[in-house]
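Protein chains: 2
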Amino acid sequence: MWNHTEVTKKLSIKFPIIQAGMAGGITTPELVAAVSNAGGLGMLGAGYMTPEQLESDIQKIIKLTSKPFGVNLFVPENPVVIQEEIERANQLLEPIRQRLGIKKKSHLPQINTSVFDEQIQIVLKYEVPVCSFTFGIPPRETIHQLKKNGIVTIGTATTVKEAIMNEEAGMDMVVVQGSEAGGHRGSFAEPFDDSMIGTMALIPQVADHVSIPIIAAGGIMDGRGVFAALILGAEAVQMGTAFVTCVESGANELHKKAILNGTEEQTVITSAFSGKPARGLKNEFIVKMKEHEDSLPAYPIQNMLTQDIRSEAAKQKKSEWMSLWCGQNPRLSKHLHAAELIEMITNQIEEIINKFHLIKETERLI
Amino acid sequence: MWNHTEVTKKLSIKFPIIQAGMAGGITTPELVAAVSNAGGLGMLGAGYMTPEQLESDIQKIIKLTSKPFGVNLFVPENPVVIQEEIERANQLLEPIRQRLGIKKKSHLPQINTSVFDEQIQIVLKYEVPVCSFTFGIPPRETIHQLKKNGIVTIGTATTVKEAIMNEEAGMDMVVVQGSEAGGHRGSFAEPFDDSMIGTMALIPQVADHVSIPIIAAGGIMDGRGVFAALILGAEAVQMGTAFVTCVESGANELHKKAILNGTEEQTVITSAFSGKPARGLKNEFIVKMKEHEDSLPAYPIQNMLTQDIRSEAAKQKKSEWMSLWCGQNPRLSKHLHAAELIEMITNQIEEIINKFHLIKETERLI
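Protein sequences, first through last, are from chains A and B. Using the UniProt record's numbering, read the first sequence as starting at 1 and increasing by one per residue. Using the UniProt record's numbering, read the second sequence as starting at 1 and increasing by one per residue.
Everything labelled a hint here was simulated from the structure, so no lab data went into it. A few of these clues could be false.
Since copy identity is lost for identical chains, a pair holds within one copy or between any two.
Stated by the list, open to error - Within a straight-line C-alpha distance of at most 25 Å, the following computed SDA-like cross-link-like pairs (lysine to any residue) qualify: (1) K282 with K317; (2) K282 with A189; (3) K103 with E168; (4) K334 with S295; (5) K147 with S56; (6) K9 with V81; (7) K125 with H335; (8) K276 with V80; (9) K9 with P68; (10) K256 with H209.
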């Protein structure tokens, strides 16, 4: 059976399909629960959440599903705050703020790295079945504590080296993310440009170098992608963009529309929104900021600086100033309920099996 | 049967595996014939060949195999020759020439676009079974003439739009090349950066938009990649890097060694060797020329200017000044005979079929 993999067994899920824990309000409790109820693994994108928001969302999810689900956290980064850099960035952003009628930017919020520890405590308190990490590897002690409490830990890698580091740190599984992926990729140990490896090339190379299960991500949107990823050596897939356009997703309607109407050559990598490279549909903000990208403050400072612009633009329905994160295959996106998307994928895989004149062993035994 | 595809039927080959027609002496008649004899389609990379070389190589191939083979040609480009640009490039290249003891560069060879028509005449004369094209679409008349003579025509695309253009021009099949691919990609209708789409994302999107058979390329090195490409919607694959390191390949031994020892994050895109972006293993030439890339003469002028450096560096075994074209999965490269590589791939696919507890319909009927 194509869906009996190491990951489905270890996570007690029916299909090897994980919904990416995208931050920024996309992964509503409704989306997470719908994916889990349909036999995949829903994942709450808690990267930017306060402990209170996280706790509240977990409580909602638990009410909506009795199936396993996960929480994704960002390993904290503590960049040097350079006041001059921030002022220069604010100067660049000022004309955009004016166009949107935003009053002068208030103080920069404090970077609070203790939030991460509080998030972990909540994951432990609610015995969330799965906890995944992006932007690095958490302290060994944290991984140990989660595993000791029966929580499956999943790291993120974008090169062979990063996958090996995750395995050595004790992660139970690793998401291996190719260059096709939308939004922020999880690169942490090597320069971003060096880690722009396509999924087709990356998965088998990682598969030859780690023994923990691989979850393929980047450019996977339908049954063809899911089955191809399993063939390449993955034990499951993680899909982001495919779930952004789902009915239950909390993404702004303009964001959903932009993906549904997008084409494969319209996405670009930009650091302008957050200070960290991410893939999204090209718009005026990206084009205007392009030449200044190298001098912007580091993540998460730039992310905080553009926060007011992104949320005001969303309110005013001006997609030219919003972050329209999207992977490289928007042409495959659909506006479906999460359960319908998963059903479509499993049907496609059955069709592929038929197309190749392959039959399941179970049928053979009949 | 996994290997009964539209492409294997139309090309009368046993396995849906095409060896890319890489230019520059890599595709020796021995390599082309070995691939065809092993059940794939060998392809002579005739892009830079004089009509005499092409004729001579075709004659050699015909002596070595009775199986179908192909010839790859470059659709000619006629860039504006800007003398000032050439002088500036020569100034940049001068210190490298000095290090290699190359006497001052002689005159720039003439760009002779009539060579293409002569190459076509030779393909017609020898009734070469397959003719593929890179860097654009040849005139409709040329395609028509080849097809009228029973020659299968194959175009190259790197976006959905380019694939549709190939279909509309009357090509029988189209190579769809993802961003993982080594060497020069066949982008022609859209800006190169916009066409950097990973194979995993590109193949299914193209499959939804053209009805001619798709040949997947980019990041495919073994049975996992071949089978995954078929799942994604391709009817065959084209592999370049995997054949560069073969025993029969004419690639310089240093080039082969560099690939065999390479890792996935070591390849970069550079225009410095040819004036056209191509993927290769990073070396001193690429690093030194990086900042000047935007001001270099266009392809094929820059290619002619660096010709003496590349060939002298190869003679002197100095790989820092050679073009070490390579796709994004050098870790999967092997030093095998072409027939052994193809056997390895078919064995791996059989293993995958077993792993997934899938059996061939033929066995089911027994």
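The hints, checked one at a time:
When the C-alpha separation of K282 and K317 is checked against a cutoff of 25 Å, the pair qualifies only within one copy, where the shortest distance is 16 Å, while the shortest distance between copies is 44 Å. For a Cα distance limit of 25 Å, the shortest separation of K282 from A189 across copies, 19 Å, qualifies, whereas the shortest one inside one copy, 27 Å, does not. When the C-alpha separation of K103 and E168 is checked against a cutoff of 25 Å, the pair qualifies neither within a copy, at 48 Å, nor between copies, at 53 Å. For the homomeric pair K334 and S295, neither the shortest alpha-carbon distance inside one copy (37 Å) nor that between copies (43 Å) is at most 25 Å.
For the homomeric pair K147 and S56, the shortest alpha-carbon distance inside one copy (23 Å) is at most 25 Å, but the shortest distance between copies (66 Å) is not. Taking the shortest Cα distances, K9 and V81 never come within 25 Å of each other, neither inside one copy (45 Å) nor across copies (63 Å). Proximity of K125 and H335 under a CA criterion of 25 Å is satisfied in neither setting, with 35 Å inside one chain copy and 54 Å between copies. Taking the shortest alpha-carbon separations for K276 and V80, only the intra-copy value of 14 Å comes in at or below 25 Å, while the best inter-copy value is 39 Å.
When the C-alpha separation of K9 and P68 is checked against a cutoff of 25 Å, the pair qualifies only within one copy, where the shortest distance is 12 Å, while the shortest distance between copies is 47 Å. When the C-alpha separation of K256 and H209 is checked against a cutoff of 25 Å, the pair qualifies only between copies, where the shortest distance is 22 Å, while the shortest distance within a copy is 37 Å.
Going through the hint list in order, the structure does not satisfy hints 3, 4, 6 and 7.
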